[in-house]
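Asks: Sequence:
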Amino acid sequence: MNILVVTGSPRKGGNTEILADAFAQAAKESGHEVTVRKLSRLKVGPCLACEHCFTHDGVCVQNDDMNEILQDVHKADMLVLASPIYWFDISAQIKCFIDRMYACAKTGFHITSAAMLLDSGSPGVYNAAQAQLKDICDYLKWENKGAFTAPGMVEKGSIYQSAALAQVRTFAENL
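The opening position of the sequence shown corresponds to residue 1 in full-length UniProt numbering, with each subsequent residue numbered one higher.
What the hints contain is simulated information worked out from the structure, not anything from laboratory work. Here the structure is a predicted model, which means the values were calculated and not measured. Don't take each hint at face value.
Stated by the list, open to error - List time: in silico BS3-like cross-link candidates among lysine-lysine, alpha-carbon distance up to 25 Å: (1) K134 x K156; (2) K95 x K43; (3) K95 x K134; (4) K141 x K95.
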């Protein structure tokens with residue numbers, strides 16, 4: 001399976017990226033092809049709602065890094081969205097990525113399943129993100145592989161003192 005992992009934390013090398021890297025490594029070791037795109041290192045602007053993509057075979061009018069990521073989207077069998085939870089929902093960066101996938105709406109997706117990797121400072125703050133994953137999967141008829149959650153990530157590197165890295169490896173191995 002070809003898996004695209006997109007991380008949406010603005011913090012380079014933070015808990016979200018560490019979690020996503022552990023997931024990706026375990027998925028690779030399980031025989032999957034994995035591409036990781038870290039939005040903290042890329043420029044992806046918001047959707048302009050111009051619908052240029054609808055008249056140009058899914059090509060976005062904006063000349064930013066999303067055009068390259070869309071090539072990965074077109075090849076992926078599974079999409080994994082990794083995000084910290086900020087104020088009870090996914091980060092603005094990952095939401096921007098989701099909105100820009102609108103460019104594929106007319107041409108369609110090769111993707112057949114999706115999952116989320118979520119971390120937060122507090123437990124019990126994942127409902128909005130999980131609902132969004134459910135709605136995306138229901139609408140696009142993708143298999144919902146679930147959301148892996150890692151609460152207690154208060155500081156950069158907190159993930160190293162938790163069981164989350166071992167648990168996310170198991171999550172990846174059981175795809």
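Asks: Is it true that the CA of K141 sits at most 25 Å from the CA of K95?
Replies: Given pair K141, K95 holds - Cα atoms ~20 Å apart, limit 25 Å.
Asks: Take a quick look at whether K134 and K156 sit within 25 Å of each other, Cα to Cα.
Replies: violated, 29 Å
Asks: Do the alpha carbons of K95 and K43 lie within 25 Å of each other, as the hint requires?
Replies: holds, 14 Å
Asks: For the pair supplied as a hint, K95 and K134, confirm whether the alpha-carbon distance does not exceed 25 Å.
Replies: Since the Cα atoms of K95 and K134 sit roughly 15 Å apart, the hinted pair holds (cutoff 25 Å).
In this structure, only the earlier hint numbered 1 is contradicted, and the remaining ones agree with it.
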